[in-house]
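Undergrad: Sequence:
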Amino acid sequence: MFFDLTFGLAKPWAVTLSKAPRTEFPSENPLEEGPSPGDEIGFPQPYQDPRSVDDDNNFPLDGKDIVSVSDEELLSAFLTAFRLHDYGDVIIPRISKHLVIKGGPGVAKSEAENMKFGSETLGLPIPKVHRAFTAEIPEDPDLPETPLVEGHFIVMDYIKGSTIDKSWQSMDTATKETVAQQVADTTNKMQSTALNHMPVEPIGRAQDAKFQGLWFTDYGAGLFATLGELADWCNHKIDVDIMVKQLTPETRRFKFEDIVLTHQDLALRNLVLDNDMKVWVIDWGCAGVYPKDFE
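The sequence shown begins at 1 in UniProt numbering and counts up one residue at a time.
Because the hints were derived from the structure by calculation, they are not lab data. All of these numbers come straight from a predicted model, not from anything done at the bench. A couple of the hints might just be wrong.
Unchecked claim - Straight-line Cα separation of at most 27 angstroms, DSS-like style, residue types lysine-lysine; simulated pairs:
id: 1; residue 1: Lys189; residue 2: Lys116
id: 2; residue 1: Lys97; residue 2: Lys278
id: 3; residue 1: Lys109; residue 2: Lys210
id: 4; residue 1: Lys109; residue 2: Lys292
id: 5; residue 1: Lys166; residue 2: Lys278
id: 6; residue 1: Lys116; residue 2: Lys97
As the list claims (entries may be wrong) - Each pair of labels, with its calculated beta carbon distance range:
id: 7; residue 1: Lys128; residue 2: Pro199; range: 24 to 30 angstroms
id: 8; residue 1: Asp157; residue 2: Met243; range: 45 to 51 angstroms
id: 9; residue 1: Phe256; residue 2: Lys97; range: 41 to 47 angstroms
id: 10; residue 1: Asn235; residue 2: Asp258; range: 14 to 20 angstroms
id: 11; residue 1: Arg51; residue 2: Met198; range: 39 to 45 angstroms
All residues carry an ideal CB built from backbone N, CA and C; glycine is no exception.
Assemble the whole structure, with the sequences as input and the hints as a guide.
TA: Here's what the structure looks like:
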């Protein structure tokens with residue numbers, strides 16, 4: 001494999017921050033338990049307000065018809081509701097008993113369209129998207145006086161459960177097998193559905209948006225008009241690695257054929273096990289129609 005610095009692949013922990021991430025408080029005795037699967041050792045973990053998972057609390061849009069709620073009301077709820085997830089340029093507050101809103105400058109415009117396509121066309125276990133819009137918010141949502149920046153926002157179902165990275169160690173063998181089989185079934189469905197009639201790109205991407213994800217460096221890459229252009233770009237990285245003796249001349253080149261819906265970040269932290277033992281796939285920000293080899 002050629003996962004080296006010359007190739008410029010994005011690190012799974014890399015994130016561009018406009019503000020310091022809020023983090024969980026460490027346990028009083030850090031020796032009591034080790035890191036959970038999926039934890040990035042040495043890097044801060046996302047902050048979660050414990051009130052966001054307590055169903056006894058009131059949330060800003062409880063009892064309201066989400067179709068009739070204005071974008072302004074949604075933004076107000078985004079800025080004031082208890083945060084289920086807060087890390088870098090992405091915040092996910094819980095705005096009602098059944099809904100969350102994911103938003104911020106770190107949210108890709110294409111994420112909502114990737115989610116809808118995966119759910120509606122392929123029947124994948126993805127939270128239902130109810131609304132998606134673009135608006136300006138303070139660069140630091142906790143400091144209203146900071147400059148305004150553009151953010152994308154997605155209103156989706158709240159999945160009551162826990163991410164697999166937090167619950168895996170406490171599962172029995174049968175539960176682990178059930179989870180693994182569901183993830184395999186979801187991946188197989190994506191991999192077996194060729195989308196060769198579609199362009200190679202995130203679905204519904206912003207016009208000037210680069211491709212994001214593990215394969216596209218920390219800064220994004222593209223755009224690529226054809227599958228051949230993408231293969232040429234990847235093969236150029238191999239040529240550079242050979243030149244600086246990071247790879248041998250015998251290294252096989254990429255030759256892409258079918259393209260499929262690809263998540264690109266099927267980590268345990270992006271899998272939610274609900275109370276009915278169903279596994280949901282979240283965080284489709286790097287997804288798109290790419291070669292099946294990319295998963």
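Undergrad: Each of the hints needs a verdict: does it hold here or not?
TA: Here is how each hint holds up against the structure:
no.	hint	verdict
1	Lys189 x Lys116	15 angstroms, holds
2	Lys97 x Lys278	19 angstroms, holds
3	Lys109 x Lys210	11 angstroms, holds
4	Lys109 x Lys292	22 angstroms, holds
5	Lys166 x Lys278	16 angstroms, holds
6	Lys116 x Lys97	21 angstroms, holds
7	Lys128 x Pro199: 24 to 30 angstroms	25 angstroms, holds
8	Asp157 x Met243: 45 to 51 angstroms	49 angstroms, holds
9	Phe256 x Lys97: 41 to 47 angstroms	44 angstroms, holds
10	Asn235 x Asp258: 14 to 20 angstroms	18 angstroms, holds
11	Arg51 x Met198: 39 to 45 angstroms	42 angstroms, holds
Of the numbered hints listed earlier, not one is contradicted by the structure.
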